[in-house]
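There are 4 protein chains.
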Amino acid sequence: MNGNTFGTLFRITTYGESHGSSVGAIVDGCPSGLPLSEIDFALDMGRRQGGKSSFTTARKETDEVLIESGVFEGLTTGAPISLRVLNRQQNSQDYEPYRNQPRPGHADLTLQLKQGHRDHRGGGRSSARETTARVAAGVVAKKVLAQLGVRITAWVNRVGPMPLTEERAHWARTCSVEDLMRARDASELGFPETEGNEALRAVEALKEAGDSWGGQIGARIDGAPPGLGEPIFDKLPALLSHGLFSLPAVVAVELGGGESMSHLPGSAIRDPIGFKDSSNQPTPLSNNHGGFLGGLSTGWPMQISVSFHAPTSIPRPIETVDLSTNESTTIEVVGRHDSFPLPRAIPMVEAMLAITLTDCFLRSGKIGERL
Amino acid sequence: MNGNTFGTLFRITTYGESHGSSVGAIVDGCPSGLPLSEIDFALDMGRRQGGKSSFTTARKETDEVLIESGVFEGLTTGAPISLRVLNRQQNSQDYEPYRNQPRPGHADLTLQLKQGHRDHRGGGRSSARETTARVAAGVVAKKVLAQLGVRITAWVNRVGPMPLTEERAHWARTCSVEDLMRARDASELGFPETEGNEALRAVEALKEAGDSWGGQIGARIDGAPPGLGEPIFDKLPALLSHGLFSLPAVVAVELGGGESMSHLPGSAIRDPIGFKDSSNQPTPLSNNHGGFLGGLSTGWPMQISVSFHAPTSIPRPIETVDLSTNESTTIEVVGRHDSFPLPRAIPMVEAMLAITLTDCFLRSGKIGERL
Amino acid sequence: MNGNTFGTLFRITTYGESHGSSVGAIVDGCPSGLPLSEIDFALDMGRRQGGKSSFTTARKETDEVLIESGVFEGLTTGAPISLRVLNRQQNSQDYEPYRNQPRPGHADLTLQLKQGHRDHRGGGRSSARETTARVAAGVVAKKVLAQLGVRITAWVNRVGPMPLTEERAHWARTCSVEDLMRARDASELGFPETEGNEALRAVEALKEAGDSWGGQIGARIDGAPPGLGEPIFDKLPALLSHGLFSLPAVVAVELGGGESMSHLPGSAIRDPIGFKDSSNQPTPLSNNHGGFLGGLSTGWPMQISVSFHAPTSIPRPIETVDLSTNESTTIEVVGRHDSFPLPRAIPMVEAMLAITLTDCFLRSGKIGERL
Amino acid sequence: MNGNTFGTLFRITTYGESHGSSVGAIVDGCPSGLPLSEIDFALDMGRRQGGKSSFTTARKETDEVLIESGVFEGLTTGAPISLRVLNRQQNSQDYEPYRNQPRPGHADLTLQLKQGHRDHRGGGRSSARETTARVAAGVVAKKVLAQLGVRITAWVNRVGPMPLTEERAHWARTCSVEDLMRARDASELGFPETEGNEALRAVEALKEAGDSWGGQIGARIDGAPPGLGEPIFDKLPALLSHGLFSLPAVVAVELGGGESMSHLPGSAIRDPIGFKDSSNQPTPLSNNHGGFLGGLSTGWPMQISVSFHAPTSIPRPIETVDLSTNESTTIEVVGRHDSFPLPRAIPMVEAMLAITLTDCFLRSGKIGERL
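Protein chains in written order, with our numbering: chain A, 1 to 371; chain B, 1 to 371; chain C, 1 to 371; chain D, 1 to 371.
Treat the hints with care, since some could be wrong.
[Said to hold, decoys possible] Pairwise CB distance ranges (calculated):
| id | chain 1 | residue 1 | chain 2 | residue 2 | range |
| --- | --- | --- | --- | --- | --- |
| 1 | A | L43 | C | L86 | 27 to 35 angstroms |
| 2 | C | G46 | D | L148 | 43 to 51 angstroms |
| 3 | C | G46 | D | P35 | 55 to 63 angstroms |
| 4 | C | P35 | A | E166 | 30 to 38 angstroms |
Keep in mind the hints are simulated off the structure, nothing from the lab. Note that CB positions come from ideal geometry on N, CA and C, so glycine has one too.
Working from the sequences, and respecting the hints, build out all of it.
As structure tokens, then:
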């Protein structure tokens, strides 16, 4: 196993298993002079844990992020920032059945075949618990970006098969960030639909049935300058999709105009170029391309969608094997389950986008060693 | 600009502009002992150039790949393999209007804003000509993979808004690789549809109208062992999507079950685990997950879709600016155009998948310095 | 600041300041199946802290290494191993004078000029305290290497201007590893000289005079197979020297035949090739090249020397500036000092060699995901 | 084999064997706006080939560097710069005896053991011919640095066992760059000694005897700002030594005060800190540390020495094995030989220093996408 580091100059390295003593991240390459304290992490930690939603795993206490290095007297120093979150509430015994019986739909089987020995408790290294470290690192990246006027906002775009209405989806991509956040946060599902009750009932119904929904997260990046990303292998969409597909359960990533853009003829998707707002800098005059052109940012809001499959840890029996006896058997995955985890994925998506984008700023020299 | 290298141990570094003297790639990390000669490249070079299709850019002569290093007496030595393709048929004067007038829908504007100075001829570094180098490198990767029993096959899954029928799409994902290739290669569009004439007529119609279609490439990877990829940031889907989104005009990537999987409840997507074919190695008994689990390969065929937007170089006037005068103007992009370039994208998709997968083999230690 | 990660597949990422809450390392890429427990670290932690020597900084308690991840039921799992050492005995007030007054001979000034804001306490990130994390990571690498039959042994080769006798230096390079370790560990200075009392008296004299000595560490690597390293930029000597020069106060690195080899004519340095020990594998018949040929290991013991300048933190006044007033001033560096820190550098040198070599094994595919 | 790329943002990837069709480098990450043309390479290409020296390999024609990409109308564009040098004068038949008989003192044996198949002609990939590509890339880096006021100068510091006098060595490190270059270029040996005839006679004597000398290259870097390099693993000395030890035949690297500094007590090596030249920026007031402090540049000239062992390709018989028969045999290495190749190493050392330093500038954000 390798690949626990992400990024070139702004680099995140994570560690930790679901039932170990802690999970955490080392954030390398953060410029000095950024105000940072442990309280900065509380909001996103709470969102990642499901907040007030009744459809997501309930851990009673909010995760606290401990800063072990890299900050002195309230400001980053440029040294690596070590972030650490203690693991609590571990009922490892609950997982004893899965020691030898890999859970279908999880990494249990593939990881066992790869490494031969694994920590089976709570999914071990492949648990979504690992994303705690990324969300924490994402908070640092978001704070860097905020100083550069860049904002990243994600929301639930689709609940299982129920998308936002076309009109509302358009609104979410084009309204003010403040309005979007307000609508999103008013919904237990993170779903900024004016008529969202149908989705809520659908989630309730599947929860009762011991089943689960996936869906889609939408996201936008506002305020980034043109020219971020590198034109060939490290196109901005390529880097962003790498980060997004590194999240658990992602099955599709759309960037810019997205899949629907590929249905249209060329004549329908071109953005003319001109001058906006009496600026001397030429720019596309519309945003059919959704913020990217030639792999680089255009200066327009960047549009992103990420689809997640439904959680497979549902309390219904399914066939598996017992590795100790090499015989087939049936298990029922018990324990904490999410019937609709996408609200928790919102800060994860925001984190991966923020981490990637901060790295792009550093690689381009648009920011240096100090903020 | 940086980021012209892709991969960790099996690494591709490309160079070259559309109207420079040559384009090429250095392939680093190829094990020794692989038979390789210049004739090996002819097929994919021809496919990238559009082959017999009447809808793609016509370059008269097939690109020839020159091997400048890394091969001795017909076998790779482990040394970097330098591949070089001469540029011919360059009518640079055709592009003189675009020196100061960035073409909407191209990288012209964003690259200009990024670097301040660019080679405008034929799109320069951002031309699809650059993919020649990748397709050449992909041939090397495919030959490595072939020795390991792995085959990568791509086809056109959708022509603009016209997809394969659901039944035929299912067939393409599950039939024998030979049958799929036969059906694909029988179609001028690379579209393995039994009733493909409607799509053909639609492409002809847009071509006549001076317009263009995008669409979707489907791909599958057969024969890979379980456990490829790394569980966190370098999940196999994350690496593959990075490579795919680095191709020009990509707007969506779906891996495994894809976007449609995210519409389904958890109960509908789980693959039970058992033993297949009297093997002692446990494996999923079905392939709802499309070849990936926990970011690692499962041993089942991997399923991939990549959507490309339509070409924006169409012979219709559009507004742009003149950088030398800072005034708005109107241009009409002339020159060679693709009304439906997706057949040419087939070997590009195959190349990026093959390059990425070969790197995963090396990173896992499943192959070493010699084949 | 970036560059807190070292290695390609076996990767070390460290964090931590001298007076923060902890220092630590994430070890990525360790194969699964390696027995590892916290007790494994005690010996090298003690050696890094100076052991019984009266000439090195005295921290009263031995550092304990906490394993936070990557080990399950006594065996590594392949997941990243997070190692953490608490900081104790911090008298940060001692360092208050250096907040604005950079200590000559330290990183204080250059780091301040680079980052603008720094943790001045105990040298902050540039303290030798950071090497704790490397020595801990080195223990993991040494355990991997031990399973492959590779042993790394370092000793003090020169105390200030007093080297081992030529005869004894030759002995140290060619005797059995056990004999070498015995002689080294019998000396408070780590100096395997039969007549070492002169050096001891010289160190005592400088200690009393409020002064300090540097010197040279010798090292050898026994048991490595031929062919490790990569022939061009990542020659084994290049990788090893990178690691060694990343240690504090290093001023020279000699690998293989070393500086003295460059005084000799070509006729005096060639090793003929033949067969040894009735093996069928050809090998050099002598070791003038000191274990490396063409940047690759030869299978013979590898010879290494690393020279460290004397510590500059000595209790003698020296001119500096006050950054808060921009005026010149005089300081005397007080606090814990090493009059001869080279015994503590022994495990640091061993650690960097072990980490580098383990990475080479992984990059070559000679070991994979499991031990 | 991997590792044919060097650097993080300013990256060099080389290819090519001694007797292949060409050798070359792709330079990635060069900012746009740098004037560059093929004539810029002539001087260093000539120096690498031995110039007027009678003691180095004589290739009749000067290597010409072809720029295949990355430059448009005389200025770099930010795109990768592909540099290519044709191989000429290849008498591959001369090398036929070494196909199965590895030459002692060369990479032949270790590379054979590593890869199993190799191009034996002229040393193949391990030939010093590969350094042509680095020297070419170094020219680009030097031109970037020149725009930043940084100059890199190397010279021969020692001929076999005959060093510059202590006084002259001090002069070389402290005189004006122009004076140093004049004295160096006046000597056929690159040896800026006023009384250099003894060395010249010694080289002549060994040449006649069919033998060879190694020696030492000195180098200095003038004009760099303080704070370059990264404080932990990527200390500036660590990066520089990595680059230097990647050159063929290097056995020792000294950076800053060098090996001799490690003989001195701490009291003798400290540089007080103050203000120089009525500047407000504090700086060391002397340069005992030789330009580095805490792994970062100080703003003072950086001092470097690199020791090379003598060439082992000398026309004297030596024992080796025949791989085709597995029997011992005796060979005499014939062909072109250097009796004293260090003058040719001067531009190689300068190139690796320049490439490394340019990367440090980019990593620190001190330069960005455009010059």
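Now for the hints, and whether the structure bears them out:
Evaluation of the 27 to 35 angstroms hint for L43/A and L86/C yields a pass: the beta carbon distance comes to about 29 angstroms. Taken as a hint, the range 43 to 51 angstroms holds for the pair G46/C and L148/D, whose Cβ atoms sit roughly 47 angstroms apart. Our hint of 55 to 63 angstroms for G46/C and P35/D holds, since their Cβ atoms are close to 58 angstroms apart. Checked against the hint of 30 to 38 angstroms, the pair P35/C and E166/A fails, with Cβ atoms roughly 59 angstroms apart.
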